Amino acid sequence: MAGSNDQFKYEKDQDNIVTITMDMDGPVNAMNTAYRQLMGDAVSRLEAEQDLRGVVIASAKKTFFAGGDLNEILTIQPGDKVAFQSNIEITKNDLRRLERLPVPVVAAINGAAMGGGCEITLACNYRVMLDQPGVMIALPEVTLGLLPGAGGIVRTVHMLGLQHALPLLLKGTRLKPRQALEAGLVNELVAEPGQLLTAAKAWILAAGADAAVQPWDRKGHKIPGGNVNNPNVAMGVNAAGAMLGKETRGLLPAGPRILAVAAEASLLDFDAALIVETRGLTELALTPQAKNVINTMFFQMNDINGGKSRPQDVARSDVKKIGVLGAGMMGQGIAYVAAKAGIEVVLADISLEAAEKGKGYAEKLLDKAISRGRSTEAKKAALLNLIKPTDNYDDLDGADLIVEAVFENADLKGKVTQQAEPKLAEGGIFATNTSTLPISMLSQASRKADNFIGIHFFSPVDKMPLVEIICGEKTSDFALAKSFDFARKINKTPIVVKDSLGFFTSRTFGSFFDEGCRLLEEGVDPILIDNLAKQVGMPVGPLTVLDEVSMELMRKVNETQRDLGLYGTTYNVESSDRVGSRMINQFDRAGRHYKGGFYEYGADGSKQIWPKLYELYVKPGLEMPLEDIKDRILFRQVIESLKCLQEGVLSSAADGNIGSIMGIGAPVWTGGWIQFVNTYGLSRFADRCRELADRYGELFNPPAILQEKIAAGEQFA
Amino acid sequence: MSETAYIFDAIRTPRGKGKKDGSLYTVKPVQLAAGLLNELQQRHDLDTSQVDDLILGCGQPVGEQGGDIAKCALLSAGWDDSVPGVQLDRFCASGLESVNQAASRIASGWEDLIVAGGVESMSRVPMGSAGGAIFNDPEISARLGLVPQGISADLMAALDGYSREDVDAVALESQRRATEARDSGRFDRSVVPVRDHNGLVVLEKDEFIKPNTTMEVLGSLKPSFQAMGDMGLDDIALRKYPQLAAIPHVHTAGNSSGIVDGASAVLLGSEKAGQALGLKPRGRVVATAVLSTEPVLMLAGPGPAAKKALQKAGLTAADIDLFEINEAFASVMLRFMRDLDIAPENTNVNGGAIALGHPIGATGGMLVGTVLDELERRNLKRGLIALCVGGGMGIATIIERL
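Listed in order, the protein sequences are those of chains A and B.
Just so you know, we're using the numbering used here here: the first sequence kicks off at 1 and counts up by one.
Just so you know, we're using the numbering used here here: the second sequence kicks off at 1 and counts up by one.
This is chain B alone, in the form it adopts within the complex (with noise of 0.2 Å):
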């Protein structure tokens, strides 16, 4: 590795709830990342034409969100021509994947300045809008024996017997801490409200959190795949995990990751182009990883994926100082930290997605900029960043503040 990747800047919109009802489904897709573009222009008066490529990750890149969003975001934005942009798939890990693709290009030294992070208006475009042949095929479905991530959520509590009050708790803790960071703005920093066109604040803080959120209200909810494990994939689950009695379905709308709108943008780039831009390096990124494990678990990647970037960087999960595991679903959390050995005390020191949303490809993305501000608050050195993939890959990044 010649280069180091520095990262300049991380923002991202507010989540807003992902649905008719929430604030911003009145937003395009391609609006919410211009307005980030134009938020990262200003904040540093960036000579645009110096930007190598802008990668965002998209879950959904169909429809609004599709034709390579990355380019029309840049036009929409009015950046200078000469930036390209490409949009990415990698599901869940597709806002990370754009960092992780970024930072790579820059330590290679063949590029200098790079935006990544991702988009979803899951209100818009909603989740299987985009089909795919490893959702939607009869003939890959039969012969794979794959079922819908919530059922592999519930599966992972069974294996690893976590009952509903433990991915209840997780759900409340969640709620609490982001509730608290909100409130206290520990997100400004990275947040940028989302204007119209007439430049009135359309979403200023993220509004998904539910603060009032009790261990009764949780306990009150009906689990979420009951009726579709119950229609048969859970027999489908169970023939690859035989030593299974049955799956208790404990993952509800309350403890699983919300359904919001979001866009993300991280600034990375090689040292020269900090200094000949005037970029003061918040960060850098000192190693990243992919991986898959076992398809129908699904969700079993983050672990090994965060082992992997530990060893490239000659580092254990002792040296981490916080940890961001994207709560998919509160079992993914509860793994994630088995597999790690880490304790609750620095994983999702903010809450995670249970509470603030999951805007699928722009997540990743999002994270960055969480973990980031909160090491400067704490003064501290390394974050883990991790998600959990579609077809069982994890993702994982580690960064440094400087």
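The following block holds chain A by itself, in its conformation from the complex (with noise of 0.2 Å):
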């Protein structure tokens, strides 16, 4: 008998086993409304049966199941709270109907089962998943601030014990097959789909009468290792608490309530301890954490990977051959990335020795891969195969692009250019890899400046998953797409910028650490503006930053743009300057690879603060609100990303929020630095940089563009 609805297909064998194949439409399985409808009606048919002997739900889609509905999450408001609440009862009344039918219920899992998808799994009794790659079950709620609301925190920790469900909700780990097998989520692996529900089947038809029965079910279930109130258990909980405290500074809600939802529901009765469950969802969907990660990470993180920037109208490419001129630390980097995607790299330097320096990094990294078992001798040899180190622009012959990561000097940028643009293969474009120097300026020395652009790299370019994309005057829409398309294949996150000094990322990063000067400079402990930072996200503090990049990159940085006449004119790192300087000139004390900066650095890896710099800049007693600190250097980013958006340099807010979190080390929390002041509110922004600019000067003046946009009523789309 095959059922009506193909969305949830519905049929039964000659051994009355039904099973519920999911085909929901659209490209994936979701739980929405239409899944709600579906699965109840489904378990109700299931119910009504009368001669049922199990039930075997798989998927016709290529993925098992995707998850929940991010768009429903990312609009409920406070007022939605009841509504959305009831949704999630539904879904779990009806997932705790499919579990106590009177039949074995197993689940064939074709692909990946992530979030909801792994829930609707573990309310089957028995789990048969296909052994081959792309096949994962998962629950990753808490990488997008929300919590597993389908029953999946509870059936875990039933299922598993909190000591082995707690890691895998609060990190959200992928298992591939062999793993969730070890780890207890799955049953059974087969080998090729087809034996998927021939599997799945013959368990039901070998299930004793106790089958069909949960564990939580029967008399006399205990939780694996015990509930929160074995000391054992309970100190595991909190030394869970204390790491989530340390990695997320209490910044990310979600991980510290799904532990306290998981050590509440190893103390309740089940169905008690899924409305607990409900409870934590409903809270942390209203959070404006999970709606800025949701945003960010999720939907414009799809858009821009999809290629939003990008010229639509021009066809795809495909790069097969790069030229790396500089073989230093972003040129290896460079080279080494392209190879790990299949792409043939030349590796330029003044001399073989120095490119095959460069290349040797690709080894180094190989081998270091191979010891963690992440690659093989094969995979290492074929890789270096396809990096040729050299000392003749001649072997870039036919290269599809070049990009140049020389040293940050117009005059030899501009030699090198010209020296290598004649070797580009027929439509093959020249890319510099500058983080400062304007584009269009860099351009006249190329003989197609149509052809020129800016790939700017993140250090290590071998772990950053973002490129800046920087388009100068007449940069074609061409060498665009190349590029992105470029990136995209060396899997990284393309950002494109206008030509702008400083571009996006450089520009803002400026104004972290001028920031940190500027509070410095007003006489507040370095101990305490390097902690706020820290505090309100940023991975580490604005004077540890300046002591890693080095204050004399800084002051090159400056110099550069004084003798272009630059200097100043388009943002403003005054405070940053006057510091560096006189910590170079003055103290010669230039950043940690130098002989030291703001702090002293021991052979031990110990640092503290340099002594002398409480004589020089520290106010004893200066009495400025923590929170003014931590909004300061917030908003200082903040605002200077408003004015790339407001000056063209960023042409959406995807593009500064994803360049901010992945480039610049913008907080997640934050969802980036543009969609920060969506949830945080653009009238209230607007009346908190006041007030910052009424005490701590006008570099804290609400951008136009913030004005426009609460005047049109609209948030940074």
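Think of the hints as simulated: they come from the structure by calculation, not from any bench.
Quantities reported herein were computed from a predicted structural model and do not represent experimental measurements.
Some hints could be false.
As the list claims (entries may be wrong) - Think about it this way: if two alpha-carbon atoms lie no more than 27 Å apart in a straight line, the pair counts; the simulated BS3-like pairs of lysine-lysine are:
#1 K320/A / K379/A
#2 K630/A / K240/B
#3 K240/B / K171/A
#4 K240/B / K607/A
#5 K19/B / K210/B
#6 K357/A / K321/A
#7 K240/B / K246/A
#8 K534/A / K240/B
#9 K240/B / K619/A
#10 K246/A / K222/B
#11 K474/A / K415/A
#12 K380/A / K368/A
#13 K71/B / K28/B
#14 K607/A / K222/B
#15 K246/A / K630/A
Using the hints, build the complex out of the two chains.
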């Protein structure tokens, strides 16, 4: 008997086993309004069956089931709490009904079972999983600022115990089939798709009388390892809380809420625990953090990687051979990531020795990967084979793309551009990896300025997921599209910005350490400056950053800008310029890799504030509210980002959000430096700007674009 | 205040090491308390039917120590059926809280004779047994950023600038003083040997003291809270105290209070009760105070509590002859002396919990006896007792020798 609904196909076989094959409208199966209807109907029909022997839940999609409806979560407002909660309850009740059917229910997992998908399988009595690449199971809600609200916490706690459930819940770890089997999250693996249903049905036919009863519905059920009243379990929960506190700095509420729900669930009756879980999800769905993370790390990330900033009318290109000029830190990293993507790389430097040294970096990374079981000798050989070190530009012949990564010196860059450009293949483009020099100016050295573009990589290139593509005045759509396709091919997320001093990332990053220097000049304790920056979520404080990138580098950048007559024309870094010059000129302290900077560095890796800094700057007894210091660090960067949007340096909020999080350390809880304003509230943000401007100067004045958006009643979309 | 709250006697068990190899591990907590009740009755030929209440503090009031252990101790000691008992928990202050509540009730004129003290068998009912939202609820921990007391102790050392040498020196002096006090018999009036079912002595004197302690030995001990701090708790504490670059972990098993077993009992009453029963007052309670301070630092309460009690009494620190500050951690003692601007010469003159141990719920009652004995021995007038308490609380009691 076949079902009438083709989204949840209902088929009963000769053994009276019903297979429900999920094939919802749209690209994936998802936990949305349609799902609630479909699952509810299916379960009702199953309950009405008379001679039912068992049930198999399967999927007709490539993925098993994708998870919750993030659009729904993104839009809910405090007034929607009751409706939101009742929808969760419907989902939960239906899964509860499913697992309480008098017959065994088996999940046949043919593809990724993420979030809600994983939760459906947990409400089955048995899980069979296809052991093939791409098939995985996970509860990744925490990474979106949410919690698994369809029974995922309660069921994993009851099934695995707190000790084993918490890592899955708190990290959202994606488990491949073997790992899932080891973790006890699935029961059986099959090698071929065709074996899924066979194995599922075989288990049903062989199952004993109690196979239809979930462990937690059996009399005398105990949570593995015990509940949180057990001192050992309590200790584990406390340790998990401490680690979360360290990782999230108290800025991301999802982890702590998951921990709290899991701990409480271990004490409660199963159904009561489900209610507590529901309340937790409702709470998290309304947090600005969840909305920020979902907005930026899911929707905008998909938009950006999907080509939102790429000219649509240019055909896709495939870069097969690149040249990298300069085998220094950046060049060697670019060579590695390109070769990793299967691209032939010519790594050129002034001497073969220098070029070979650059290739050595790739070898080092691969050896490390092999030692960690993440690569093999064969892969290493294949990858290294793609990188040709050379001191001869003739080897660049036929390159689809040449990236120059030589020193930040306009003359030098011009020289290598002129030498290398003729070697480009027909339709090839030339990119500069400058972080600060104007592209239009550098392009003057090029014979074809329309084929000249900026591709700004971040250090270390193999770890940093972002590239900033900068279009000069004459850069063509063709060059942009080609750069974009290259970035995607090497698995980087590309933001596209306009050619303006410091582009987006360097300029905004500059405002971060400039504000650190301003605070220092106003007499704030340097420890407080760095600690409070970390408290708002910056990876490290501004003074630490300046020590790491070095004040010498900053000095050179400012000097170059002065030589070009551009210094101070676009943005303000007066304070860091002044403090940096003083540290270098008077005290010979240019940074960590020089003779120390704001900090003194011990041979054992220890560091402490250079004592004289207190004498030079710190005003004892200064009473600046800690909240002001924190906001100054945040707001300077946000205001700079808004100005970039206002000036068209950024063409979209998404570029600013993704660029700030992935490139310059904007905390993920903010959703990026533009999105931060949306959930902070535009008017409230403007008010706070004015307050800070009154106290700390005009740099905090709200930019015009903010007023425009407020007047239009819009957000930064 | 209509009545004076007199102290007729204050006794305690010796402190036994609070582990399985400690002498008092084989003795039930209820028996530790009952033994003291028997001693009080015998010493004073006490008509127990005249006792209005027994208040016993206990920091882990579960299992063997649960179910209102005070009433059970009375029954076990064979006191008159008419005597009620109540157990209370204010963490480390439980014992002194018992004394303070007894004093207040007597001072109010509503009751005349109360036994107050505490009991804690840390070997049999270990710390953490009672659980508690303040310690184990991850929701509370995440929201409030609370850290365990050891981290707070190190945080206090960092804030005040106490070095490892500073805190070890406190420990060394505590051991020296405690050794001398015990060996010269200064505790003998208060300490009642613990006996087994057959009347044989299980433990006669404090056994936790380590007379051979040296700075070298202390310096060789590993910081107790480093691993915990590294796991993330330091970061959580620093969120509240961003002026610190880091928390150096200076507290060890050697400069923190010892884990011990023991009980205390203080007999308090009104003038009328004393006369009726022929009890001679040894001292009186002058003032008491309890309050709470910032909970992450947690251990800063004793100084403010002492000041509050002094203010109530119309006194200043200069009017106090002897101070007893519970040495939960060495930094607590140093902070207390700094807060009150007092000297080591009249603070913890017979050592403290670092040497003797800190049987959580019993300690406050023990310290009342310790300071009263010493006031008598030195022919001095006033003593002040203070303890730090979980959650940021602090407690203090001022007594006067008569």
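The hints, checked one at a time:
1. K320/A / K379/A: holds (18 Å)
2. K630/A / K240/B: Given pair K630/A, K240/B holds - Cα atoms ~13 Å apart, limit 27 Å.
3. K240/B / K171/A: Roughly 26 Å between the alpha carbons, so the hint for K240/B and K171/A holds.
4. K240/B / K607/A: holds (22 Å)
5. K19/B / K210/B: holds (16 Å)
6. K357/A / K321/A: Holds, at about 20 Å.
7. K240/B / K246/A: Satisfied, since the Cα-Cα distance of roughly 13 Å is no more than 27 Å.
8. K534/A / K240/B: Holds - the C-alpha atoms of K240/B and K534/A are around 12 Å apart, at most 27 Å.
9. K240/B / K619/A: Given pair K240/B, K619/A holds - Cα atoms ~21 Å apart, limit 27 Å.
10. K246/A / K222/B: holds (23 Å)
11. K474/A / K415/A: holds (20 Å)
12. K380/A / K368/A: Holds, at about 11 Å.
13. K71/B / K28/B: Measuring from Cα to Cα gives roughly 15 Å; hence the hint holds.
14. K607/A / K222/B: holds (22 Å)
15. K246/A / K630/A: The hint holds at about 18 Å.
When the structure is compared with the earlier hints, no violation turns up for any of them.
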